[in-house]
Amino acid sequence: MVVRGDSSASAHRAMSSAATTSPSVDKVDGFSRKSVRKAKQKRSQSSSQFRSQDKPIELTPLPLLKDVPAQEQPELFLKKLQQCCTVFDFMDTLSDLKMKEYKRSTLNELVDYVTVSRGYLTEQAYPEVVKMVSHNIFRTLPPSDSNEFDPEEDEPTLEASWPHLQLVYEFFIRFLESQEFQPSIAKKYIDQKFVLQLLELFDSEDPRERDYLKTVLHRIYGKFLGLRAFIRKQINNIFLRFVYETEHFNGVAELLEILGSIINGFALPLKAEHKQFLVKVLIPLHTVRSLSLFHAQLAYCIVQFLEKDPTLTEPVIRGLLKFWPKTCSQKEVMYLGELEEILDVIEPTQFVKIQEPLFKQISRCVSSPHFQVAERALYYWNNEYIMSLIEENSSVILPIMFSSLYRISKEHWNPAIVALVYNVLKAFMEMNSTLFDELTASYKSDRQREKKKEKEREELWKKLEDLELKRGLRSDGIIPT
Amino acid sequence: MAGADGDDSLYPIAVLIDELRNEDVQLRLNSIKKLSTIALALGVERTRTELLPFLTDTIYDEDEVLLALAEQLGNFTMLVGGPEYVHCLLPPLESLATVEETVVRDKAVESLRKISQEHSPVDLEVHFEPLVKRLASGDWFTSRTSACGLFSVCYPRVSSTVKAEIRQHFRTLCSDDTPMVRRAAASKLGEFAKVLELDYVKSDIISLFTALASDEQDSVRLLAVEACVSIATLLPQEDLETLVMPTLRQAAEDKSWRVRYMVADKFSELQKAVGPEITKNDLVPAFQNLLKDCEAEVRAAAANKVKGKRLNIMLPFIRLIQYTNQHVKSALASVIMGLSTILGKDNTIEHLLPLFLAQLKDECPEVRLNIISNLDCVNEVIGIRQLSQSLLPAIVELAEDAKWRVRLAIIEYMPLLAGQLGVEFFDEKLNTLCMAWLIDHVYAIREAATCNLMKLVEKFGAEWAQNTIVPKVLGMANDPNYLHRMTTLFCINALSEACGQEITTKQMLPVVLKMSNDQVANVRFNVAKSLQKIGPVLDNNALQTEVKPVLEKLASDQDMDVKYFAQEAISVLPLA
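If you read the sequences in order, they're chains C and Z. Positions 1 to 481 (UniProt numbering) are the ones given, in order, by the first sequence. Positions 1 to 576 (UniProt numbering) are the ones given, in order, by the second sequence.
Simulated from the structure, these hints should not be mistaken for laboratory data. Computed from a predicted model, the values in this text were never measured in an experiment. Check each hint, because a few of them may be wrong.
What the hints assert, rightly or not - Dumping the calculated DSS-like pairs for lysine-lysine here, alpha-carbon to alpha-carbon at most 30 Å:
no., chain 1, residue 1, chain 2, residue 2
1, C, Lys188, C, Lys326
2, Z, Lys255, C, Lys188
3, C, Lys444, Z, Lys563
4, C, Lys326, Z, Lys529
Start from the sequences and build out the full structure, keeping to the hints where you can.
Structure representation (C-alpha cells):
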C-alpha cells in the first residue's frame, strides 16, 4: 500500500481522476505556477566590469575611418582599438554618458569596418584586437544575485555593460570569420590562456552572452587545430567540477551544443580519449540536479556517439542504469526519453547484450506510482522499431515484464495507465501466446516462491544477528568461550 | 574470537555473497551495512582470505552501496584479526579511493586515514605508503585527489627517506595538470604543513603556498587563503612578514571577488594567526577596504564579521554601509539586531533604532526580512511597540513577496508579532493577510498558514477564533477548487484542539461530514484523516451517531486510498 501525502504526485492524481469522472470540475490545478506579483520584480542587472576609477574618463574623439585616406586607415584602426580598451562602469548609469556613447559608436564602426574592408588586417592588428577583446570581455563574473538561484524559476541577472559587450563580441566574431583572418598569425595571441578565460565566461548568467560565447568558441575550435585538444580537456574539467564539486555552471547547455558538433566530426575509429569522455564525463552529467536545463543537448551528444560507434551502446546504457534516479520523477521521465532516443538507433546485436538489465528497469518504471513515469515507459510500446526488437526477443523480455504488468493491471490507481497496460499485455499475448499462458499460470506460484525466499533471507539474517550477539557477549566475557 | 570457528561452517560464503550481490539495491545496501555481521560469521581468517578478495574484485556498484562499504571498512580492523592484519583492508579501500563519486572517495580516504593509525611503523612503510604513492601517480584525477588527503597521516611515522619522497609527491600534486587535484592539494596544504618540520615548512610549504595563491584558477587561490591560517600559526612572528604577508596582501586585493570574499570570511581566524601587531598595521586597513569592496558579496562577508569588532571603530562603518548595496545591507541587517543586546537600551535607541527603521523601509525584501527575523533581540531590549508603525508596511509587502521562502519566513513571525501588537491591532491590520495565505499557490505556505492559525488561537483564545477565523475557514469548504477545500480540512485538523469540544462538534464536524461526498478522492481521504484527528476532541455520542456511519461509508469507497484511511480511522477511534 502506497500512502500518499499531499505531494504533487497526489495532486496530479486528483487532477487526472477528477478529469476522468467529471471534466468540468477541478479540471486544472487551481493555482497558477507563477505568481502574478512577479511582474513587479525588477529585472536585475549586475556587472563586474567595475575597476575602481574615481576620475571621469576622457577619450579624444578620432575621425571616422571612412573619412581618412586608405593608407592611413590601418593606423587609425589600431588607435580605435586602443581606445576601446577603456572599460566603463555601467552600474553607475549616470557617469561618463558621453564617453559611453562615443565608445559604442566606435565599436559599431569597428564592426562594420572588419566586415566590409579589405587589407586592414596587418600583422600589428592581431595583438591589438585580442587585447581589446580581452580587456572588455575577460572579468570575474559577478556573484549570483540570490544564493539559491534556480534557473528554471528565477530571472537571470543580466550583464549591465551589455551595450558595449555585445558589440565587442560581434566585432570579435566578424574578425574571426573575416576572409583575411590568418590563424597562423593569430595563434600567437589566441592561446591556451585566452581560451581558458573564455571558457570561464560560459558561467555567465546572461543567456545573450553565452550565446555569443558559443559562436566564438566554435569558430576558435574550427580554426585553431592546435587548441582543439586543450579546449576539449578544459571542457572536461569544467564538467567534472560541475558534476563532482559545485553543481553550478550556467553554460553547460551551450558547451554541450558545441560538443555535439565536435563529436559529429570525430574520425573513426574513436580514440580512447573520446570514449573516456563519454563514459567518465557525459554519463555522470546525468546525475546533476539541474539536468533538465541541458538534457536535450546531452542526449544529442550521447546519440551522436552511438551513431559513430554502436559498440558503445552497452556501456552507455549500463551507465544510465547505474545512475537511474531514485526519487526524482521528472528526471526519470527524462531518462526514459533519452533511452528511447538511444533505442531508436540501437543495433539488434547490441540490444540483445543489454536487454535484461534494461527491461528490469523498464519494468520498475512501468509500475511506478507516479503516472507520468509509468506512462512514459509504456509509450515505448507505441514505437514500431522498439516493438520489433521486443518481438524478436519476447522469450527473454516477456518473463521480465510480466509480473509488473500483471500486477499493475489489477492495482494501479490511474485508469489511463491500466488501459495502457492492457494494450501491452494484449500485444505480448499476440506475440507469444504459449509463453504468456505459462506465465499467467505460474504467476501465483512465482509470487509464493518469492515470498518464501524473502522469509529465508530474514531467517538467515536473524541467525547472523544472534551469532553477533552471542559473540559480543562472549568477548565481553559474559559467556565463557 | 578465535576458538569459535565451530559454527562458522554453517554459513557458506556463497550464501552470504549472494546477499551482497542481490539484485535489489536496497537489499544489497542492507547487507553491506551489516558487513561486520557477515565478517563475524566467517571468522577472521576467512574474512581475510575470502570476503576481502571478493569485495576488492567485484566492486562495480551503485555509489550508495560503495559509500556504505567505504565506511564499514574503516571499522574492520578487529574483524580481520587486529592491527597485525589491518593492511588486508588496503586493497578494497584503494579501489574505492579511485571512484568518481566524491562522497565515496572522501569516505574511503577517511577510512584509510583512520586505519593508518592502526598500522605499525613498519607496515606503514611496507603497505600504506606504497598505496599512497600509487594513488599519487594514478592516471585519472580521482586517485590523485584522494592521495592528497593521505600524506599528512603517514608523514610523521616514516623514515626520513620516505619523508622526502612524500614531500616530493605532494609538491608534484600541487602543480598537477588538472585543477581538481590542485584544489585537493591546496585544501590539504595547511594540514600537511602542521606535520612537517619547521625548516621544511619554510622551504617547501611556503613556495607551494605562494604558487597556489597565484594559480590561474580562483577556485585554487581561495583555498590557499584557508591554508594561510594554519601556516601563519606555525611560523615564528618574525618570519610572518616576509613569508606570508606578501601573499595575503595580494589575496586581499585579488581580482576575483571569490578570493577577496575568502579573506573577509576568514578574517577573524587570520587576525588570530598573525597576531595583534600585523593585524593593526596590515589587516585592519585591508578589512576596511573589504567593507568598501566593489563586490557586494565581499562587503557582506566583511559586514558579518563586524559583530566581533570594537564598536567605536565599526559604528561609522555601519552608518556608511546603509548607503550601499542590498547584499551588504541584508548581511548587516542580520547582525546589527544582535548588537542591541550588547549596546543596551539607551544606545540602541540612539544609534540603532534609526537604522532599524530605515532598514524596515528598505527596498530590498531580504533586508526587511532579516530585520524582522531578528526582532526578538530588539524586543528584549526596547520592546516591539517602538517599531510597530514602521513594521506594518514592511510586513504587508513581505507577505506578498514573490519568493515563497520570504513569505514563509514572515508567517513564522506572525505569532510573535501578534502577541506583541495585541488583538485589536491584529484584527485590524493583519488578519486579512493571515487568511490570504490559506489560498497561496504554494503548499508550504498554506501549510504554514494553517499552523499559524493554530498558534494565534492559542494566543487569543477560542472565542476569538469562533468570531474571526472559523467562519472564513469553513466557508472555503464550498470552494470550486479542491485544494482550497482540502485547506479547510487541514485547518480543522490544526484548530480543533485549541477551539475545544463545543466549536468542533457544532461548527466544524458538520462541514467535515458533508465533505465526505466530495467528488475528488483526495478530499475524501482527507475527510477520513480529519475525522481520525478530531475524533479525540468529540464526545462519544457524536462519534457513534455521526462519525461512525460516515467512516463506514468511506470504508467501502471505490478508491483504495479513501478506503485505506477510513479503515485506519475506524481502527484508531473508539467506535466500538
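Checked hints:
1. C/Lys188 x C/Lys326: Not OK: C/Lys188 and C/Lys326 at ~50 Å, beyond 30 Å, violated.
2. Z/Lys255 x C/Lys188: holds, 25 Å
3. C/Lys444 x Z/Lys563: holds, 25 Å
4. C/Lys326 x Z/Lys529: OK: C/Lys326 and Z/Lys529 at ~28 Å, within 30 Å.
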